[in-house]
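Novice: Which chain is which? The protein sequence lines are A and B, in order. Here the first sequence is numbered in my numbering, starting from 86 and rising by one per residue. Here the second sequence is numbered in my numbering, starting from 86 and rising by one per residue.
A few of these clues could be false.
Which copy? The list can't say, so a pair holds if one copy fits it or any two copies do.
[Unchecked claim] In silico SDA-like pairs for lysine to any residue, Cα to Cα no more than 25 Å straight-line: (1) Lys259 to Pro355; (2) Lys89 to Gly301; (3) Lys181 to Met86; (4) Lys116 to Asn236; (5) Lys89 to Val145; (6) Lys316 to Gly167; (7) Lys449 to Asp132; (8) Lys449 to Pro171; (9) Lys485 to Lys505; (10) Lys117 to Asp421; (11) Lys316 to Asp264; (12) Lys207 to Met86; (13) Lys426 to Asp364; (14) Lys362 to Gln270; (15) Lys362 to Ser326; (16) Lys173 to Leu272; (17) Lys207 to Asp122; (18) Lys362 to Glu258; (19) Lys173 to Asn307; (20) Lys173 to Ala203; (21) Lys87 to Lys183; (22) Lys117 to Val238; (23) Lys140 to Val238.
Hints listed in this document are in silico derivations from the structure and should not be mistaken for laboratory results. A quick note: this is a predicted structure, and the numbers were derived from the prediction, not measured.
2 protein chains.
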Amino acid sequence: MKDKIHVGIIGFGTVGTGTAKILIENRELIKKRTGIDFILKRIADLDIKRDRGIKVPEGVLTTDAGAVINDPDIDVVVELMGGIHPAKDFMLNAVKNKKHVVTANKALIATEGNEIFAEAEKNGVEVGFEASVAGGIPIIKVLREGLVANNIVAVYGIINGTSNYILTKMTDEKVEFSDALKEAQRLGYAEADPTFDIEGIDTAHKLTILSSLSYGIPLSYNEVYKEGITKITAQDIEFASELGYKIKLLAITKLSNGEIEMRVHPTMIPNEYLISKVDGVFNAVYVEGDAVGSTLYYGRGAGDMPTGSAVVADIVDIARCDNGQKAKGIGYVSADYKIRKMEDIESMYYFRFSAMDQPGVLSKISGILGNYNISIASVIQKGRRLGGSVPLVVLAHTAKERDVLSAVKEIDNLPVVSDKTLFIRVEGKEE
Amino acid sequence: MKDKIHVGIIGFGTVGTGTAKILIENRELIKKRTGIDFILKRIADLDIKRDRGIKVPEGVLTTDAGAVINDPDIDVVVELMGGIHPAKDFMLNAVKNKKHVVTANKALIATEGNEIFAEAEKNGVEVGFEASVAGGIPIIKVLREGLVANNIVAVYGIINGTSNYILTKMTDEKVEFSDALKEAQRLGYAEADPTFDIEGIDTAHKLTILSSLSYGIPLSYNEVYKEGITKITAQDIEFASELGYKIKLLAITKLSNGEIEMRVHPTMIPNEYLISKVDGVFNAVYVEGDAVGSTLYYGRGAGDMPTGSAVVADIVDIARCDNGQKAKGIGYVSADYKIRKMEDIESMYYFRFSAMDQPGVLSKISGILGNYNISIASVIQKGRRLGGSVPLVVLAHTAKERDVLSAVKEIDNLPVVSDKTLFIRVEGKEE
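Model the full structure from these sequences, guided by the hints.
Specialist: Dropping the structure here:
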């Protein structure tokens, strides 16, 4: 083991700045704890003029990523530029130069990770990606090491701070999605183009990684079911509350009948579940193991310093334990596995039908639900708007997604139904 | 790195059985994940007849601990017998035989750990103790590795399931301490002699370990302030609830003015804090780091399988990364440090005075509080019992413990105060 490790960072944005800050300001602390001196040797970024509020030693900044990747002194290359290209090439080149790499880039790991891990294994180097999921929460370490003795039963994650902020705002202040989004944008929690966050794409990237770690399968982003939060209304949140639930954008991976589920969608969670209390930009991941039972990990899912905390933990881990073993844990199973098709899943469901306010509507709708073996647990019907349409809310016991899709299609064709039905999958114990 | 690791267990009780179960039943899973085959070679216990509900291969059971400690094949000795003697000698002998050791024994680590770690370092072996705090929650790993880049600002833990069960029961069912304790004993959550749990001793053992990891100081059990939950009444819980708080037995360690606080006592926590929702036998540890901010880790703090999960994670870690680096992290600071004296701490406070129902009592009590710079935030006084005594509840802004002790002493000497004052420290933001 070396007692000095040289680190190079590519990308001096938010997370790059946080990482640099920690490496500089907490250098003595980390050295005391580990016996290793971590030296920040280079930071590459196209913009090396802007003031980031930290004092970087002279000679560290460069506009040339090659000066990091090809520096023979540098042991660990930290990729924090984001995006797929040229980040991927930078990482692969670093790996080929026998450098360990650390990244916070979930999109890159989720979509190109299999190739990067294979190349790393070939070159005997590590790939650290703790910062790619749930920011400062050490969830990758928990899954790979802390719960290594467990068959993973299920993982449920609130792993997109933007969506969680929006849903929390809608819940607390009874505002509509678009207003909550605007506020998130104003506060810098959502980007000008919020698609990645609100459509569940970012969540799906992270879920891909969690699922691979949990079940030892190759990264399979394309097989994740994705549904965003844009259709959720303040009214749905109020109905959910009345029924004893919160609405959260959940990433779910679990084993059902030997098949692996990977899905991202708005989900109703019972108020008494701890994860339903995770509000604002905070993230949390619930992990159930066959030995450990229920566990939950909570913290900030983004930000310069929390994400930097995870990046530096990866760098330290690699330096402490430089034996190639950590690379195991993604894709270790070469045997059969099957990703469950979305229409094969089973769940409880919340339906909001837009029904004309006429006699017999409930009977028609519930008749169709019954035909598809969807059994009703509770109904809320409120207010009357003569001749107009009213929301009819139905909470259903466990049913098959396939049946739900068919039933909704049939119901949406009824003349007494004025608008497309919204349904939300519901977690919790059957009563 | 070896591809086969031989494990010997001393102590075939609850945790020993869980550990053996996991090593046997999840052996293939762990081998797939790590590339290492973990072989359970020996289990020593005085009683090897009792049926533990698992099938142990022939030749594994022995009544002789020496058969584990001195077996040249065994790489890792797992001490799960509990107690100080002879567990300590067994561990030291194993270490002297150049065997790594893993234990769930918080009392042993907290009180004799400094000697054991020193001996382990001398012999170049590891001591794993993940299972000693918070059962299956990988909190030791989180502090040592996941948050290695952080100065730890504070740690707050609910780390004794028995006390938390009792307080939850008192809260949910409005029963008194003694009834809740009886129920805990009936369910096997509390022992016949519950002293260790309800007097905060077990919590203090665990806090000692968390504090050493957080601040790099030698294990200092004797300097932990300990106060149990026996004086909390159903009425206090109700008053707390009225004021917006839950009462929990908290382990607290934090830095204040360069001094380290280590204290265990009942604590009022605002309802909106996630940790206040941790109920029943569950444990949770809140950790605040200078980079990562607020994080929380939640799960089962005891039980055969959860604790076994942590034991096996330690065994795997040692096998994966056999380079002596993990031993760093307890006692790495040789420099000055100071444990803060309890009377030097500052906190908000809840007081329940037993005041005679007479005019002028509130003015007398609040006068004395004022003399000691204890400023009142809210008061609850309810009911009248002519000539009798009524509870007078005061919530005070941040004050010095030293002043609180003096004020309470003076107040308890007033003729209009009929019984000893109970006070509870209060966490949360000043309003």
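Novice: Is the C-alpha distance from Lys362 to Glu258 at most 25 Å within one copy, between copies, in both cases, or in neither?
Specialist: both (16 Å within a copy, 22 Å between copies)
Novice: At 25 Å max between alpha carbons, let me know whether Lys173 reaches Leu272 within a copy, between copies, both or neither.
Specialist: For Lys173 and Leu272, neither the intra-copy (31 Å) nor the inter-copy (56 Å) Cα distance is at most 25 Å.
Novice: Go through the copies and call it for Lys116 and Asn236: within, between, both or neither, with a Cα cutoff of 25 Å.
Specialist: between (35 Å within a copy, 12 Å between copies)
Novice: Are the CA atoms of Lys173 and Ala203 at most 25 Å apart within a copy, between copies, both, or neither?
Specialist: within (13 Å within a copy, 45 Å between copies)
Novice: Using 25 Å as the alpha carbon limit, work out where Lys117 and Val238 are close: within a copy, between copies, both or neither.
Specialist: between (38 Å within a copy, 17 Å between copies)
Novice: What label fits Lys89 with Gly301 when the C-alpha limit is 25 Å: within, between, both, or neither?
Specialist: between (33 Å within a copy, 21 Å between copies)
Novice: Please work out whether the CA atoms of Lys207 and Asp122 approach to 25 Å or closer within one copy, between two copies, in both situations, or in neither?
Specialist: For Lys207 and Asp122, the Cα distance is within 25 Å only across copies (23 Å; inside one copy 28 Å).
Novice: Since the copies are identical, ignore which copy is meant and state whether Lys449 and Asp132 lie within 25 Å (CA to CA) inside a copy, between copies, both or neither.
Specialist: Intra 63 Å, inter 67 Å, cutoff 25 Å: neither.
Novice: Quick one: Lys316 to Gly167, C-alpha cut-off 25 Å, is that within a copy, between copies, both, or neither?
Specialist: neither (29 Å within a copy, 55 Å between copies)
Novice: At most 25 Å between alpha carbons: which applies to Lys87 and Lys183, within, between, both or neither?
Specialist: both (15 Å within a copy, 24 Å between copies)
Novice: How do Lys426 and Asp364 come out at 25 Å by Cα distance, when the copy is not named: within, between, both, or neither?
Specialist: Neither, since 30 Å and 36 Å both go past 25 Å.
Novice: Indicate which option fits the pair Lys207, Met86 if close means a Cα-Cα distance not exceeding 25 Å: within, between, both or neither.
Specialist: This pair counts as both: shortest intra-copy Cα distance 21 Å, inter-copy 18 Å.
Of the numbered hints stated above, those contradicted by the structure are hints 6, 7, 8, 13, 16, listed in ascending order.
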